[in-house]
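Whole structure, please, built from the sequences with the hints as guidance.
Just so you know, the protein sequences line up as chains F and H, in that order.
Here the first sequence is numbered in the working numbering, starting from 1 and rising by one per residue.
Here the second sequence is numbered in the working numbering, starting from 195 and rising by one per residue.
Among the hints, erroneous ones may be present.
[To be verified] Pairwise CB distance ranges, derived in the manner of DEER restraints: (1) F:Q82 - H:R219: 40 to 48 Å; (2) H:L271 - F:Q148: 34 to 42 Å; (3) H:L210 - F:Q116: 23 to 31 Å; (4) F:R55 - H:Q268: 20 to 28 Å; (5) F:A159 - H:Q217: 18 to 26 Å; (6) F:R80 - H:M195: 44 to 52 Å; (7) H:E223 - F:P109: 19 to 27 Å.
[Claimed, not checked] Here are some, though not all, of the chain F residues that point toward chain H, as calculated from beta-carbon distances under 8 Å: (8) A42; (9) S96; (10) T103; (11) M170.
Simulated from the structure, these hints should not be mistaken for laboratory data.
It should be emphasised that the depicted structure is a prediction, and the values quoted were computed from it without experimental measurement.
Each residue gets a CB set at the ideal place from its N, CA and C atoms; glycine is no exception.
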Amino acid sequence: MIVEVLAGKTESFHELIRPHERSVYLMALSLLHNEAEAEDAAQEAFIKAYRNLNRFRSESRFSTWLIAIVLNEARARLRRKQPALTDSIDDTTEGSVTPAQLTDWREIPSETLERQEIRTLIRRALTALPLAYREVFVLREIEERNVQETAEILGITIASVKMRLHRARMMLQKQLAPQLAGAIPARRRRFPWF
Amino acid sequence: MVLNCRHVWDYISGYLDNTLDAQTRADVEKHLAHCEICSAVLDSTRNILILTADDRVFELPLGYSERLHARLTQAMLEAPPLNE
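The following block contains the structure:
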């Protein structure tokens, strides 16, 4: 399809990007936190991809290339809003995140996501992650990219991807475990059909 | 090797991703077998990861796809893709 677009059959680009619409938008949203701006950034990213399609190299996956474009677009917008923004994180220093220490955990089923307040709790916790951790978390857990791809997209080492992902997970557990346990009492989790 | 809770917390991601070596994994499991707190940390982390990855957490805005393709059509009319 890429060859078709470059040969002048530009309408094929619409079909080419359809499978990637959601992931490009989510990447923008996870950085920008604003639906309208994320949508605009996603549109810009697809237009840039279209205009620069000849630069795409088939050694990498098209989806990886698209995600890198939207990531740059969203980062540029963030920097315009917050010029002092930095995502420098020291991945080498010790500094474990201490998780929330509960004595037991009753599983919270996915059906609870039907409740707006639960979705809001999760979105807020993700938003609260430092940018460098959030990028890795979204790529690995939400976009389901592997460690190698995530490192490639972000231009960091595999060791940094693993470290940031671990810290992001622990930060989310620390914030969300008590909140979710409080929002959904164990009795209801154990007998969700009552 | 006998692990304390802090060690186990450092290994939670490796344990979930199944990237620990066999000996470390066995040490972590030995600790988990008798530590309620670390078992709860592991279970809650696993549970939270499932919930966060669910499509319902982030929904696409209504009409997103239509607006995207309309803007793309406009951009295509303005300029073809670069060719070298």
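Status of each hint after checking the structure:
no., hint, result
1, F:Q82 - H:R219: 40 to 48 Å, "holds (42 Å)"
2, H:L271 - F:Q148: 34 to 42 Å, "holds (38 Å)"
3, H:L210 - F:Q116: 23 to 31 Å, "holds (28 Å)"
4, F:R55 - H:Q268: 20 to 28 Å, "holds (22 Å)"
5, F:A159 - H:Q217: 18 to 26 Å, "holds (20 Å)"
6, F:R80 - H:M195: 44 to 52 Å, "holds (50 Å)"
7, H:E223 - F:P109: 19 to 27 Å, "holds (25 Å)"
8, A42, "holds (7 Å)"
9, S96, "holds (6 Å)"
10, T103, "holds (5 Å)"
11, M170, "holds (7 Å)"
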